[in-house]
Amino acid sequence: MIRTRGLKKIYRTTSEDVIALDGIDMMIGDGELVALSGPSGSGKTTLLNVIGTLDSITDGDIEFDSCSLRTMDEKAKTAFRRLNLGFIFQSYNLIPVLTALENVELAFKPLSRDEMKRLDVSDIRAASMEVLKDVGLEGFEHRKPGELSGGQQQRVSIARAVVRRPSLLLADEPTANLDSTNSRLILQLLARLNERYGITVLYSSHDAQVLGSVRRVVVLKDGRIIEDRIC
Amino acid sequence: MLTLLTMSFKNIFRYKTRSIITILAIIVSVCISIVIDGLLRGIGDQSTVNLIAYESAEATLFRQGYLEKQAEFPTDLTIDRDELQAIAPILAEQGTPFSPRYKTAVELIYYDPENDIDGYVNAVLVGLDPQLDASVFDLPDSVDEGRWLEMDDEGIVVGASIAKNLNLHIGSFLTLEGKGKAGFVETFDAQVVGIATTGNPAVNMSQVFMTLDALDAYLALDGSVTEIAVSDGKVGVSGLGFADRVQKSLAVVPRLADVEVCDWKTVNADLVAVMNGDKGSSYLILIFLFIIAAAGITNTMIMAVMERRKECAMLRAMGFSRYEVNWLFVLEGAMTGCLGALSGALIGAAVNYPLARYGIDLTSMVSSDMDMGYRVSLIMRSGWYLQSFVGIPSVAVFLAAFSSFIPVARSGRSEIAALMRTA
Ligand SMILES: Nc1ncnc2c1ncn2[C@@H]1O[C@H](COP(=O)(O)OP(=O)(O)O)[C@@H](O)[C@H]1O
Ligand SMILES: [Mg+2]
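Read top to bottom, the protein sequences are chains Z and R.
First residue of the first sequence? That's -11 in the numbering used here, and the numbers climb one at a time after it.
First residue of the second sequence? That's 123 in the numbering used here, and the numbers climb one at a time after it.
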């Protein structure tokens, strides 16, 4: 369960202070799938980043289960990301020199020996192959990102994000670079992973069209929640 | 299994042209450094060997004060007969080869009426005991025309360059003009019996050898010598310790308190200083080369870090610590350095091979009379020095790793979100 309390983020630039998040209070239950919506510049990316511990917060707090973000130092945040979070970005961010399979396997690389538990090389290989199959990329394992289409690359990045079964998957505009067919496929995939593995999914989109099928949509404007709609 | 190492390695070849240029810069720096370092060490070593073998031995005994004025060949600061007679048994007993020598400045005058050739040249006349001298110096082996001096010889052996300049041959008669012990100028004739071509150009150019007995007769030396050269058989390495040991052994005779033992570095202080100075400026060039290569690597890595900000952000989002991400770049720099350093060392070895085996023959480039100070003949020879082949590439790898660390250390401190946001 994730709870934010009075979450504020102010970007201080030389010319002005930009209030990107202006008191966000919200709760996301385990296994929920939530879409963040709102116009460009409304604070979606900022919210995903601070929840993902990729950016600092200016005020307020975020609780993961009952663990407060405020109590985490750099090292704790790194470990937290490693063990609990998966990320998907608009621009895929795959490592271009590695194959699809290697990109997925890379997700296990930061794990310490303790965190690896009993996983060995063949387990990692098997899990990575399976998740690639899951996202429909069987047969593309040995292609480099440059040899894959945008939709395929995004599916590799989803595979990489979920292969370690994170409890929370954060996806910032995962469909922004894709055509409508591919967008739909990606969203269906996220919904399926949410259902099958119980991964909490929080994704953003400024495109109202892609939100049609989602049960809960949180709408942001100027750093505030203006609507939290559950249908 | 995929490792960070292979990832770094693959990253090197992501931008081929840029990496190749960087690696080439390292190759050139390492290769040139190895070759220059080898030549410098080779010349230095050869110079030392030739200095000791033909000119100044490992240590020399002088009367106190002589060394400071050695250029003037003072006749009043000699080691006298009775002192020599006290020193000789001490040295003989401890098994130290020694050679009493009398050095003085002379003018050599040559006239060949048959061919109407004449000329004169200033030289250093060395009076010596042919047998004792052979135990300290390698001169007898260097006589490639005629023969070395014999015990009751009246003849002289001249350095090869002198012979060439004055057009001397075996059997030529020379007139020598020098100052006797009492200070009067003496003139005498001598016949050339041998021509010495040593590896030491200073000797070839300036020295003439004659038996001490003959010289004593001409200059009325009364059995005195200007110096006693001593050797302990090991080239160059005995250094200071050896001179001190000899000095201590003389202390048993109070009369010898006025005799000092100087090692070859002290005797040739000026030359050693010049050589060290030359070395310093040559190494400065190498350091400069390395700075350029390091700047190239830093530049390459700055670009790599800039271009891969998003990737780095992604890696950190995945749970790599910022140190691991920095490490990736340092590894990349170090591996770039390794590629350059290894190839540079190999090419350096290939270039060094002919330099060590055959040397660079400068005969055609410089006139044989040119004195560069170094006691090497006109073939400069390099050597195989572990220090250059291990040290220089290691420095290159270390520098490469370090110069990659500078740009990443800075970007590692940014928030992940800030890295992610860059276009
Ligand atoms: N690094 C930054 N410095 C200054 N202002 C920023 C920075 N990042 C985002 N902002 C501002 O914060 C606000 C929210 O941005 P963002 O979270 O990217 O919105 P969205 O993802 O909904 O388009 C915008 O006004 C944006 O200009
Ligand atoms: Mg955004």
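Careful, some of the hints might be misleading.
Using 27 Å as the maximum straight-line C-alpha spacing, the simulated DSS-like pairs for lysine-lysine come out as follows [claimed, not checked]:
| no. | chain 1 | residue 1 | chain 2 | residue 2 |
| --- | --- | --- | --- | --- |
| 1 | R | Lys132 | R | Lys432 |
| 2 | R | Lys301 | Z | Lys132 |
| 3 | Z | Lys(-4) | R | Lys432 |
| 4 | Z | Lys121 | Z | Lys97 |
| 5 | Z | Lys209 | Z | Lys(-4) |
| 6 | R | Lys303 | R | Lys191 |
| 7 | Z | Lys97 | R | Lys225 |
| 8 | Z | Lys(-4) | Z | Lys97 |
| 9 | Z | Lys132 | R | Lys132 |
| 10 | R | Lys191 | R | Lys432 |
| 11 | R | Lys225 | R | Lys432 |
| 12 | Z | Lys132 | Z | Lys97 |
| 13 | Z | Lys132 | Z | Lys121 |
| 14 | R | Lys303 | Z | Lys63 |
| 15 | Z | Lys97 | R | Lys191 |
| 16 | Z | Lys65 | R | Lys301 |
| 17 | R | Lys303 | R | Lys225 |
| 18 | R | Lys225 | R | Lys286 |
| 19 | R | Lys370 | R | Lys132 |
| 20 | Z | Lys105 | Z | Lys121 |
| 21 | Z | Lys105 | Z | Lys(-4) |
| 22 | Z | Lys132 | R | Lys432 |
| 23 | R | Lys303 | R | Lys286 |
| 24 | R | Lys132 | R | Lys225 |
Read the hints as simulated data drawn from the structure, not as lab findings.
These are the hints, each one checked on the structure:
1. For the hint linking Lys132 (chain R) to Lys432 (chain R), the alpha-carbon distance of about 18 Å falls within 27 Å, and the restraint holds.
2. Taken as a hint, the Lys301 (chain R) and Lys132 (chain Z) pair is broken in the structure, with Cα atoms around 90 Å apart against an allowance of 27 Å.
3. With a C-alpha separation of about 25 Å, the suggested pairing of Lys(-4) (chain Z) with Lys432 (chain R) holds against the 27 Å cut-off.
4. Pair hint Lys121 (chain Z) plus Lys97 (chain Z) holds up; C-alpha atoms about 21 Å apart against a cutoff of 27 Å.
5. Between Lys209 (chain Z) and Lys(-4) (chain Z) the CA atoms are separated by roughly 14 Å; this keeps the pair inside 27 Å, and the hint holds.
6. Between Lys303 (chain R) and Lys191 (chain R) the alpha-carbon distance is near 16 Å, which keeps this suggested pair within the 27 Å criterion.
7. Our distance criterion of 27 Å between C-alpha atoms is broken by Lys97 (chain Z) and Lys225 (chain R), whose separation comes to about 78 Å.
8. A distance of roughly 33 Å separates the Cα atoms of Lys(-4) (chain Z) and Lys97 (chain Z); the hinted pair therefore is violated under the 27 Å criterion.
9. Restraint check for Lys132 (chain Z) and Lys132 (chain R): satisfied, since their Cα atoms lie roughly 12 Å apart, inside the 27 Å limit.
10. Taken as a hint, the Lys191 (chain R) and Lys432 (chain R) pair is broken in the structure, with Cα atoms around 74 Å apart against an allowance of 27 Å.
11. Taking the CA atoms of Lys225 (chain R) and Lys432 (chain R), the gap is about 78 Å. The hint is violated against a cut of 27 Å.
12. A distance of roughly 19 Å separates the Cα atoms of Lys132 (chain Z) and Lys97 (chain Z); the hinted pair therefore holds under the 27 Å criterion.
13. Proposed proximity of Lys132 (chain Z) and Lys121 (chain Z) is supported: the alpha carbons are some 16 Å apart, at most 27 Å.
14. Only pairs whose Cα atoms come within 27 Å are accepted, and Lys303 (chain R) paired with Lys63 (chain Z) is rejected, the gap being roughly 87 Å.
15. A hinted pair counts as satisfied when its Cα atoms are at most 27 Å apart, and Lys97 (chain Z) with Lys191 (chain R) does not qualify at roughly 75 Å.
16. For the hint linking Lys65 (chain Z) to Lys301 (chain R), the alpha-carbon distance of about 91 Å lies beyond 27 Å, and the restraint is violated.
17. A hinted pair counts as satisfied when its Cα atoms are at most 27 Å apart, and Lys303 (chain R) with Lys225 (chain R) qualifies at roughly 11 Å.
18. Between the alpha carbons of Lys225 (chain R) and Lys286 (chain R) the distance comes to roughly 22 Å, so the proposed pair stays at or under 27 Å and holds.
19. This hinted pair does not check out: Lys370 (chain R) and Lys132 (chain R) have alpha carbons roughly 66 Å apart, beyond 27 Å.
20. Distance restraint check for Lys105 (chain Z) and Lys121 (chain Z): the Cα-Cα separation of roughly 24 Å lies within the 27 Å cut-off, and the hinted pair is therefore satisfied.
21. Using a Cα cut-off of 27 Å, the hinted pair Lys105 (chain Z) and Lys(-4) (chain Z) is violated, with the two alpha carbons roughly 37 Å apart.
22. Proposed proximity of Lys132 (chain Z) and Lys432 (chain R) is supported: the alpha carbons are some 18 Å apart, at most 27 Å.
23. In summary, the hint linking Lys303 (chain R) to Lys286 (chain R) is not supported, as the alpha carbons are separated by about 30 Å, beyond the 27 Å threshold.
24. Restraint check: the Cα-Cα separation between Lys132 (chain R) and Lys225 (chain R) comes to about 69 Å, which exceeds 27 Å; the hinted pair is violated.
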